[in-house]
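So the sequence lines, in the order shown, correspond to chains A and B.
For reference, each letter of the first sequence is one residue, going 1 to 417 in the UniProt record's numbering.
For reference, each letter of the second sequence is one residue, going 1 to 417 in the UniProt record's numbering.
Hint data in this document are derived by calculation from the structure and do not stem from the laboratory.
Just so it is clear, CB atoms sit at the ideal spot from N, CA and C, and this is done for glycine as well.
Worth double-checking, as some hints may not be accurate.
What the hints assert, rightly or not - Calculated from the model, a selection of chain A residues having no Cβ within reach of chain B, i.e. all distances over 12 Å:
| id | residue |
| --- | --- |
| 1 | N2 |
| 2 | K21 |
| 3 | K23 |
| 4 | D40 |
| 5 | Q88 |
| 6 | N113 |
| 7 | F144 |
| 8 | E147 |
| 9 | E155 |
| 10 | S190 |
| 11 | A196 |
| 12 | P240 |
| 13 | T368 |
| 14 | P393 |
| 15 | E398 |
| 16 | I416 |
Said to hold, decoys possible - BS3-like, lysine-lysine: derived pairs with alpha carbons at most 30 Å apart:
| id | chain 1 | residue 1 | chain 2 | residue 2 |
| --- | --- | --- | --- | --- |
| 17 | A | K124 | B | K124 |
| 18 | B | K21 | A | K124 |
| 19 | B | K124 | A | K274 |
| 20 | B | K69 | A | K69 |
2 protein chains.
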Amino acid sequence: MNTELLQQNAAEIRRAYEDLKAKDLNLDLTRGKPSAEQLDFSDELLSLPGAGNYVAKDGTDTRNYGNLKGIKDIRQIWADVQGLPVEQVLAEDSSSLNIEFDLVSWAFHFGTNDSPRPWSQEEKVKWICPVPGYDRHFSITEAFGVEMITVPMTEDGCDMDAVRELVKDPQVKGMWVVPMFSNPTGVTFSEETCRALAAMDTAAPDFRIMWDNAYAVHTLTDSFPEIHNVIAFAEEAGNPNRFWCFSSTSKITFAGSGVSFFASSAENLAWYEKTASIRGIGPNKVNQLAHAQFFGDAEGVRQVMLKHSASLAPKFQAVLRILDERLSDYGVASWTRPEGGYFISLDVLDGTAARVIQLAKDAGIALTGAGSTFPLHQDPNDRNIRLAPSLPPVEELETAMDGVATCVLLAAVEKIS
Amino acid sequence: MNTELLQQNAAEIRRAYEDLKAKDLNLDLTRGKPSAEQLDFSDELLSLPGAGNYVAKDGTDTRNYGNLKGIKDIRQIWADVQGLPVEQVLAEDSSSLNIEFDLVSWAFHFGTNDSPRPWSQEEKVKWICPVPGYDRHFSITEAFGVEMITVPMTEDGCDMDAVRELVKDPQVKGMWVVPMFSNPTGVTFSEETCRALAAMDTAAPDFRIMWDNAYAVHTLTDSFPEIHNVIAFAEEAGNPNRFWCFSSTSKITFAGSGVSFFASSAENLAWYEKTASIRGIGPNKVNQLAHAQFFGDAEGVRQVMLKHSASLAPKFQAVLRILDERLSDYGVASWTRPEGGYFISLDVLDGTAARVIQLAKDAGIALTGAGSTFPLHQDPNDRNIRLAPSLPPVEELETAMDGVATCVLLAAVEKIS
Numbered sequence: 001m002n003t004e005l006l007q008q009n010a011a012e013i014r015r016a017y018e019d020l021k022a023k024d025l026n027l028d029l030t031r032g033k034p035s036a037e038q039l040d041f042s043d044e045l046l047s048l049p050g051a052g053n054y055v056a057k058d059g060t061d062t063r064n065y066g067n068l069k070g071i072k073d074i075r076q077i078w079a080d081v082q083g084l085p086v087e088q089v090l091a092e093d094s095s096s097l098n099i100e101f102d103l104v105s106w107a108f109h110f111g112t113n114d115s116p117r118p119w120s121q122e123e124k125v126k127w128i129c130p131v132p133g134y135d136r137h138f139s140i141t142e143a144f145g146v147e148m149i150t151v152p153m154t155e156d157g158c159d160m161d162a163v164r165e166l167v168k169d170p171q172v173k174g175m176w177v178v179p180m181f182s183n184p185t186g187v188t189f190s191e192e193t194c195r196a197l198a199a200m201d202t203a204a205p206d207f208r209i210m211w212d213n214a215y216a217v218h219t220l221t222d223s224f225p226e227i228h229n230v231i232a233f234a235e236e237a238g239n240p241n242r243f244w245c246f247s248s249t250s251k252i253t254f255a256g257s258g259v260s261f262f263a264s265s266a267e268n269l270a271w272y273e274k275t276a277s278i279r280g281i282g283p284n285k286v287n288q289l290a291h292a293q294f295f296g297d298a299e300g301v302r303q304v305m306l307k308h309s310a311s312l313a314p315k316f317q318a319v320l321r322i323l324d325e326r327l328s329d330y331g332v333a334s335w336t337r338p339e340g341g342y343f344i345s346l347d348v349l350d351g352t353a354a355r356v357i358q359l360a361k362d363a364g365i366a367l368t369g370a371g372s373t374f375p376l377h378q379d380p381n382d383r384n385i386r387l388a389p390s391l392p393p394v395e396e397l398e399t400a401m402d403g404v405a406t407c408v409l410l411a412a413v414e415k416i417s
Numbered sequence: 001m002n003t004e005l006l007q008q009n010a011a012e013i014r015r016a017y018e019d020l021k022a023k024d025l026n027l028d029l030t031r032g033k034p035s036a037e038q039l040d041f042s043d044e045l046l047s048l049p050g051a052g053n054y055v056a057k058d059g060t061d062t063r064n065y066g067n068l069k070g071i072k073d074i075r076q077i078w079a080d081v082q083g084l085p086v087e088q089v090l091a092e093d094s095s096s097l098n099i100e101f102d103l104v105s106w107a108f109h110f111g112t113n114d115s116p117r118p119w120s121q122e123e124k125v126k127w128i129c130p131v132p133g134y135d136r137h138f139s140i141t142e143a144f145g146v147e148m149i150t151v152p153m154t155e156d157g158c159d160m161d162a163v164r165e166l167v168k169d170p171q172v173k174g175m176w177v178v179p180m181f182s183n184p185t186g187v188t189f190s191e192e193t194c195r196a197l198a199a200m201d202t203a204a205p206d207f208r209i210m211w212d213n214a215y216a217v218h219t220l221t222d223s224f225p226e227i228h229n230v231i232a233f234a235e236e237a238g239n240p241n242r243f244w245c246f247s248s249t250s251k252i253t254f255a256g257s258g259v260s261f262f263a264s265s266a267e268n269l270a271w272y273e274k275t276a277s278i279r280g281i282g283p284n285k286v287n288q289l290a291h292a293q294f295f296g297d298a299e300g301v302r303q304v305m306l307k308h309s310a311s312l313a314p315k316f317q318a319v320l321r322i323l324d325e326r327l328s329d330y331g332v333a334s335w336t337r338p339e340g341g342y343f344i345s346l347d348v349l350d351g352t353a354a355r356v357i358q359l360a361k362d363a364g365i366a367l368t369g370a371g372s373t374f375p376l377h378q379d380p381n382d383r384n385i386r387l388a389p390s391l392p393p394v395e396e397l398e399t400a401m402d403g404v405a406t407c408v409l410l411a412a413v414e415k416i417s
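Using the sequences plus the hints, can you model the full thing?
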């Protein structure tokens, strides 16, 4: 930290904050929502599958009841995107978060296919949470009274030594992972880390990794990283049922009305379908058919993603440029430079994140709540802020980020005063 | 039973069955699926909401995340159909069965808003099941280990004396009801029965009636019965949280890709939303907008239902005509004459239902499994068979029903031999 420079410019920073407040802004960087421009890329989908058009490739009338697995038309495209056999991929309704919640819920009620008893009958259930991470994941395990244990994220994924130590505890039943362009760090798990997670010994026979590959194809460049087949890695290592894998088209077509996917071993899928078949009859197949028609094939998915990249990359660049310009000299913050995903993770001076967020709020700039990238909203260092650049137009984003930079500096000035 | 006539015609009945088997049929009367003709009534929906068309009346971009309650456009139409205030009606994804499962699941995990503790912590949970009833309802309570206690259906709903007696037991936490054109009896609960259910004293403070109004507007005539506002009845009686009410467009537009609805008291909805907001971000609003555009208003819903009535009524008439012609003289069976819904309930000679279904199966006619209208698939009198006339074309249906009639007679002949 360049304390001298901070002190030298303290008055100017305070004045800049007063100017910011005077602007009476109303800007929102809270959530990873696609912009209207991005949603327009899928405009065609609003009139698909089209009148008279309802038959899946296997002859199924998608308008009628049935088919818990989803139609093969869209399952095949997603299997190709992910490099998986189609038999391991189910297509469901719009939200993969829904499936994640249900799996935890059903493991508590009924136990998994590898559980000696329902998790609700365990004295305690513990869970590994790489941090910073996704707030909605932590909310699910919180709701079920799970004790969440954090491990640090690294450049290659997560701290594997810490994970290996934790899974020696038979009460540790699972782990949240966003493996590619992670929320919020942008980190992509390396093949080595993927294989280590697949191969490690766990004391719990029913240990599960919630592999939420929400950003698998969400590049901010013009290339796509390899999607590692962790289900195959785990099978090779003798742990075939380790991964529950999720993805969806939420940030590809329409957020909230796309298609979600659940991929896992045959045994895990059979276990899921047993309860899913009691919960209902099957997913929205008409929407699945519309999506299959819209994409055509896996290459069609990547073509859509390049449009998103072209729309989002300038926004990320604008945020990074402002952070570089305004904050580099002070050494009071560090931030990620993601090549994909929806977020920039900003670490400010320890003990000032909540203050920065409050200052921004008072100036009309909404940021994701303090601590929300940590379980129970408790950031032990009060350091991390998740920035979501996707929704606002570039000019608004620049105004907001310039304001955020001012708040970061002011909080640092206050801290050293 | 006319034993004499049966004996007299026994040889002829046996011969008819041999002829039936020789036809090598492959017909299916198992489930209440709409026919292709019915699905065609909503063909327009396949290209709705249409390119460039995604804004709800309140200005929401339906393509983006958010709005756990569903969009008001479709909630208002459904509130009008049901005679409810829009605030009491949520619009969700396609399946009301999904919501029913989740409510039971969440009551077990977390307890309801009126529960002293989660149901999973109760020594035992019991449930009232009017019979014959809907197999998928019973499967949900079965999955959660609930003890299901049957009460007989009556012409006005269900045996209220039996219900009033059962709810004196604090372990009795709920009850399944299909209140209009019930599955499979076709019975519609009278206002008196609705008010009695709303007003009765229950020992459990968190007693809930799962009011699955799946066939509220599914008339087989040209008129629509009144939909009683049980939520208001319950509020008037001082039991505001008694009813969880469900319906959907599954058998109005497309089965499996429609919109489902959950209606209840403000307190119950708040309790539901608390967990629903952890499970996900919101339902498929694009599909909701498409449905709102397709219907226009509540009258639009009824107009679609009159088309369904015109398509289904001849099928029901064909079944009833064949049952009358083939079985009336023998007195070995009785059946319902529903004015709405999807089923005819056929009671055969005690102890022969499973045999009838087996005989039909051997002749290539699939009927709903024996006992499936009873909890745990146990029909104590082995008497009830659910007939689903909607899916096959009329000629197939006539062939199938003529075959079923032969099987009913043959099983009776075997029984008295």
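Hints, one by one, checked against the model:
1. The claim that A:N2 is not at the interface with chain B holds, since no C-beta of that chain comes within 12 Å of its own (minimum 40 Å).
2. Annotated as non-interface, A:K21 keeps its C-beta farther than 12 Å from every C-beta of chain B; the closest such distance is 28 Å.
3. Non-interface status of A:K23 relative to chain B is upheld: no Cβ of that chain comes within 12 Å, the nearest being about 25 Å off.
4. Chain B draws A:D40 into its interface by the beta-carbon criterion, the shortest separation being 9 Å against a cut-off of 12 Å.
5. In this structure A:Q88 is separated from chain B by more than 12 Å, as the shortest Cβ-Cβ distance comes to about 23 Å.
6. Against chain B, the non-interface label of A:N113 holds: every CB pair exceeds 12 Å, the least being about 16 Å.
7. For A:F144, the shortest C-beta to C-beta distance to chain B comes to about 7 Å, within the 12 Å cut-off, and the non-interface label is violated.
8. A:E147, annotated as away from the interface, keeps every beta carbon of chain B farther than 12 Å; the closest lies near 17 Å.
9. For A:E155, the condition that its CB be more than 12 Å from all CB atoms of chain B holds, with the nearest at approximately 30 Å.
10. Distance check for A:S190 against chain B: the nearest CB is about 30 Å away, which clears 12 Å, and the non-interface claim stands.
11. No beta-carbon of chain B is positioned within 12 Å of the beta-carbon of A:A196; the least distance is around 30 Å.
12. Every CB of chain B is more than 12 Å from the CB of A:P240 (nearest about 26 Å), matching its label as outside the interface.
13. Distance check on A:T368: its Cβ is at least 14 Å (rounded) from any Cβ of chain B, clearing the 12 Å threshold; non-interface status holds.
14. The non-interface label for A:P393 is consistent with chain B: the shortest C-beta to C-beta separation is roughly 15 Å, beyond 12 Å.
15. Residue placement check: A:E398 keeps its beta carbon more than 12 Å from all beta carbons of chain B (closest about 22 Å).
16. Distance to chain B confirms A:I416 as a non-interface residue, since its nearest Cβ pair spans about 39 Å, more than 12 Å.
17. Simply put, A:K124 and B:K124 have alpha-carbon atoms about 23 Å apart, close enough for the 30 Å limit, and the pair holds.
18. Between B:K21 and A:K124 the CA atoms are separated by roughly 59 Å; this puts the pair beyond 30 Å, and the hint is violated.
19. Our distance criterion of 30 Å between C-alpha atoms is met by B:K124 and A:K274, whose separation comes to about 24 Å.
20. Note on B:K69 and A:K69: the hinted pairing holds, with a Cα-Cα distance of about 27 Å set against a maximum of 30 Å.
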